[in-house]
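Here are the chains, one letter per residue:
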Amino acid sequence: MGFFLETLFGGLMAGMLYSLVALGFVLIFKASGVFNFAQGAMVLFSALAMARFGEWIPQYLGVSNFVLSNLLAFGLAAVVMFLVAWTVEFLVLRHLVNQEATTLLMATLGITYFLDGLGQSIFGSDIYKIDVGMPKEPLMLLESVFDGGILINQEDLVAAVIAAALVALLSLFFQKTTTGRALRAVADDHQAAQSIGIPLNRIWVIVWCVAGVVALVAGMIWGSKLGVQFSLSTVAMRALPVVILGGLTSVPGAIVGGLIIGVGEKLSEVFLGPYVGGGIEIWFAYVLALGFLLVRPQGLFGEKIIDRV
Amino acid sequence: MSKQIGDVILDVKNISLRFGGVKALTDISFNVREHEVRAIIGPNGAGKSSMLNCINGVYTPTEGSITFRGHTFGHMDSHQVARMGIARTFQNLALFKGMSVLDNIMTGRNLRMKSNLFLQALRLGPAEREEIEHREKVEQIIDFLEIQAYRKTPVGQLPYGLQKRVDLGRALALEPQVLLMDEPMAGMNVEEKQDMCRFILDVNDEFGTTIVLIEHDMGVVMDISDRVVVLDYGKKIGDGSPDEVRNNEEVIRAYLGTSH
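Residue numbers (the numbering used here), protein chains in the order written: chain A, 1 to 309; chain B, 310 to 569.
Hint data in this document are derived by calculation from the structure and do not stem from the laboratory.
Any given hint could turn out to be false.
[Stated by the list, open to error] Partner residues aside, some chain A positions facing chain B, computed with beta carbon under 7 Å: (1) Thr178; (2) Asp188; (3) Asp189; (4) Gln191; (5) Ser195; (6) Gly197; (7) Pro199.
Note that the coordinates shown come from a computational prediction; the quantities given were computed from them, not determined experimentally.
All C-beta atoms in this analysis are idealised placements derived from N, C-alpha and C, irrespective of residue type, glycine included.
For reference, chain A alone in the conformation it holds in the complex (with noise of 0.2 Å):
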């Protein structure tokens, strides 16, 4: 029992960091109904950016106060997507309003090859650390009611809370400000949004901004924990099933469906790997993805479509 436990909590962990990034689809996709192929790279870019910001600053700007030091280069990091995102408005999205949505995923999918080869030439292309402080050491829990307790990674645990905060702090921003309203606005109806005086081209620069900074926050947690490095732009890839489980227009189907998979890759690879040899994490959840596409194309939580005939 303590083991199934544990083994639920790391997939519940590890699925919090697949909401993460499955939430940056989700968010540019209600929006803009454009199929981010770039997620990925920009987890990539923001991490790398953040990972050399926090050698740079210490360095060259002399602040040794470790906090500080880490939040300049959060905070650096993403005006950096800021910029990002401003770019990629203004250069590609602006010129392709109204056209078809393959058009936008291949304009999406040369953005992924371009912020690789950017990032790497601009911050190095070496294996880099971020180290936020993420405590190391295990944690014991419930020793009284096992034997032998349940172990539990603290930095999963940190890793986590942050994730919900942020969560917390996104449906704040949707719910509650003027701003919110209009993503929501726009989300819903492009056409209608804009007859009430809410010009797009300023909400995709606010929607693929708060992409960014998502991406940066999934950045940092994965980088602190297995280093900045080129096969974190593949992140994207690991999170695509989470969107087809969660469906691609709900925020809430993100998170559980990045919790479904979490769970179930660990929990599969535990109790029905040695039966099939192991490896099952790897492919578990590109086979439940495909179970759904057959069963429910629109996710969990998508909206269903109905076309008139």
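Let chain A serve as the given structure and place chain B on it in line with the hints.
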């Protein structure tokens, strides 16, 4: 009705609109006076919606210009048009389906909200006051449209006729000078049509809003409009009071067809 019809507020001059080889509109000119109800009618495919979309900034006319309160423009984005004081409703409902009736109408106030994002998120001081202020205006509109009971209902769940009212409410929340209505009565039953007519006249009367509406059902339009433009195959074939238009040979031909 004892309303005062004022000066020309919206002047459409020589508008042509082509999509490749298709001529949607050819050399259309007409004007709209302050406080009047101006209808654009015509059979299906006459170019009525195209005309409205030109004024609203959805389409850019190939030729011609539009003057609104002395400000002339050829091309303008929809959101800029809204800022200038022209609101619109949609023929195929374009409401924000995921939101409640209240939120839908509140989006119409977005333009007028000024306070800081963070204050809003935390509901602090000025933001709170501002929200309340706008909320009052929205409640007035809700009362006016008699949809109090559905305030918190997601609009997707409302019957069609009520959704149309919410659409109108959202446009009214902008407090526009000119309200463009794209087939407000389309797909409604007789009772709903009567309600909508009453609302249109009341908006015109109580708020003094100038109304430009499109309809292909001649009967309804003739009763509530001050002046009517008739389009057919993208050309203007009639313009004048309902009575003048009703007796216009060309209009009768367009609607009833010629005998060959």
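Okay, the hints, checked on the actual structure:
Here the hint on threonine 178 (chain A) is kept, as its CB sits about 4 Å from the closest CB of chain B, short of 7 Å. At about 4 Å, the closest approach between the beta carbon of aspartate 188 (chain A) and any beta carbon in chain B falls short of 7 Å, and the interface hint on this residue holds. The interface hint given for aspartate 189 (chain A) holds, since its Cβ lies 5 Å from the closest Cβ of chain B, which is under the 7 Å cut-off. The interface hint given for glutamine 191 (chain A) is met, as the beta carbon of that residue sits about 6 Å from the closest beta carbon of chain B, less than 7 Å.
Interface hint status for serine 195 (chain A): upheld, as the beta-carbon distance to the closest one in chain B is roughly 5 Å, under 7 Å. Below 7 Å, beta-carbon pairs count as interface contacts, and glycine 197 (chain A) has one with chain B at about 3 Å; its hint therefore holds. Annotation: interface hint on proline 199 (chain A) holds; nearest CB of chain B at approximately 4 Å, less than 7 Å.
Hint compliance for this structure: every hint is met.
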